[in-house]
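*Asks:* Start from the sequences, fold in the hints, and give me the full structure.
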Amino acid sequence: QKEVEQNSGPLSVPEGAIASLNCTYSDRVSQSFFWYRQYSGKSPELIMSIYSNGDKEDGRFTAQLNKASQYVSLLIRDSQPSDSATYLCAVIGASGAGSYQLTFGKGTKLSVIP
Amino acid sequence: KAGVTQTPRYLIKTRGQQVTLSCSPISGHRSVSWYQQTPGQGLQFLFEYFSETQRNKGNFPGRFSGRQFSNSRSEMNVSTLELGDSALYLCASSLSGDYLLSGELFFGEGSRLTVL
Chain A
2 QKEVEQNSGP
12 LSVPEGAIAS
22 LNCTYSDRVS
32 QSFFWYRQYS
42 GKSPELIMSI
52 YSNGDKEDGR
62 FTAQLNKASQ
72 YVSLLIRDSQ
82 PSDSATYLCA
92 VIGASGAGSY
102 QLTFGKGTKL
112 SVIP
Chain B
49 KAGVTQTPRY
59 LIKTRGQQVT
69 LSCSPISGHR
79 SVSWYQQTPG
89 QGLQFLFEYF
99 SETQRNKGNF
109 PGRFSGRQFS
119 NSRSEMNVST
129 LELGDSALYL
139 CASSLSGDYL
149 LSGELFFGEG
159 SRLTVL
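From first to last, the protein sequence lines are chains A and B.
Mind the numbering: the first sequence is residues 2 to 115 in this note's numbering, read in order.
Mind the numbering: the second sequence is residues 49 to 164 in this note's numbering, read in order.
The set of hints was computed from the structure by calculation and includes no laboratory data.
Be careful, since some hints might not be right.
Stated by the list, open to error - Here's a subset of chain A near chain B, in silico, CB distances under 8 Å, partners left out:
id, residue
1, 17
2, 21
3, 25
4, 33
5, 41
6, 45
7, 93
Said to hold, decoys possible - Label pairs and their calculated CB-CB ranges:
id, chain 1, residue 1, chain 2, residue 2, range
8, B, 149, A, 60, 35 to 41 Å
9, B, 60, A, 41, 21 to 27 Å
10, B, 100, A, 76, 37 to 43 Å
11, A, 13, B, 66, 26 to 32 Å
12, A, 81, B, 75, 29 to 35 Å
13, B, 63, A, 13, 37 to 43 Å
14, A, 82, B, 110, 32 to 38 Å
15, B, 59, A, 40, 20 to 26 Å
Unchecked claim - Far from chain A, by Cβ distances over 10 Å, these chain B residues were calculated:
id, residue
16, 65
17, 89
18, 92
19, 110
20, 123
21, 129
22, 138
23, 157
Built from N, CA and C at the ideal position, the CB exists for glycine as well.
*Replies:* Shown next, in the form of structure tokens:
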């Protein structure tokens with residue numbers, strides 16, 4: 002069973018600070034990694050994807066991937082109250098017999114305090 | 049551009065009944081995936097369809113089934129409902145048929161199923 006682990010939080014940061022969200026995964030051959038944001042009562046929405054080692058920046062968001070450590074993170078700079086949501090890490094890996102599966106972590110709840 | 053549409057949004061069933069949920073993907077998207085979301089287990093993968101074929105299946109019992117039509121619309125069915133099937137069922141569509149990219153999903157608002 003492929004696993005994606007996240008700290009459930011809640012993670013509280015003051016407005017304007019950097020929020021750091023972390024995720025580890027068990028499938029060493031995983032190749033594709035995603036961060037989704039889910040507001041309370043809403044469905045998840047994709048905010049970042051990353052496929053190779055290193056950093057990928059998009060506005061205030063930076064995704065970091067370290068395949069050797071099986072670790073992916075999301076940094077949110079200049080955090081805003083509107084960033085308060087649950088952040089889901091998702092990983093694509095093989096699920097056997099030539100099949101693949103997108104596995105989600107249970108999410109980290111972020112609260113940005115004004 | 050219309051998003052992913054799921055119907056019904058809410059439904060209540062009793063144990064032993066069956067339910068069918070419908071999903072219309074974004075126009076042009078051929079991959080449709082289904083997920084179950086509960087507070088305890090989070091988002092769990094049910095199955096994925098591409099061009100009317102089930103490409104991938106998660107670890108759910110055979111009571112959970114699905115299909116995809118030629119217009120990419122998809123349905124999932126749960127037979128012999130159990131209390132534990134109460135959950136939010138999310139459908140997601142993807143433009144890309146490449147599995148490495150298929151994690152870029154667009155989710156519908158979900159169908160909330162309550163089993164009494």
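*Asks:* Confirm or reject each hint.
*Replies:* Hints, one by one, checked against the model:
| no. | hint | result |
| --- | --- | --- |
| 1 | 17 | 30 Å, violated |
| 2 | 21 | 21 Å, violated |
| 3 | 25 | 15 Å, violated |
| 4 | 33 | 5 Å, holds |
| 5 | 41 | 12 Å, violated |
| 6 | 45 | 5 Å, holds |
| 7 | 93 | 5 Å, holds |
| 8 | 149/B with 60/A: 35 to 41 Å | 21 Å, violated |
| 9 | 60/B with 41/A: 21 to 27 Å | 22 Å, holds |
| 10 | 100/B with 76/A: 37 to 43 Å | 41 Å, holds |
| 11 | 13/A with 66/B: 26 to 32 Å | 44 Å, violated |
| 12 | 81/A with 75/B: 29 to 35 Å | 33 Å, holds |
| 13 | 63/B with 13/A: 37 to 43 Å | 40 Å, holds |
| 14 | 82/A with 110/B: 32 to 38 Å | 45 Å, violated |
| 15 | 59/B with 40/A: 20 to 26 Å | 23 Å, holds |
| 16 | 65 | 25 Å, holds |
| 17 | 89 | 8 Å, violated |
| 18 | 92 | 8 Å, violated |
| 19 | 110 | 17 Å, holds |
| 20 | 123 | 18 Å, holds |
| 21 | 129 | 23 Å, holds |
| 22 | 138 | 6 Å, violated |
| 23 | 157 | 6 Å, violated |
Hints 1, 2, 3, 5, 8, 11, 14, 17, 18, 22 and 23 from the earlier list are contradicted by this structure; the remaining hints agree with it.
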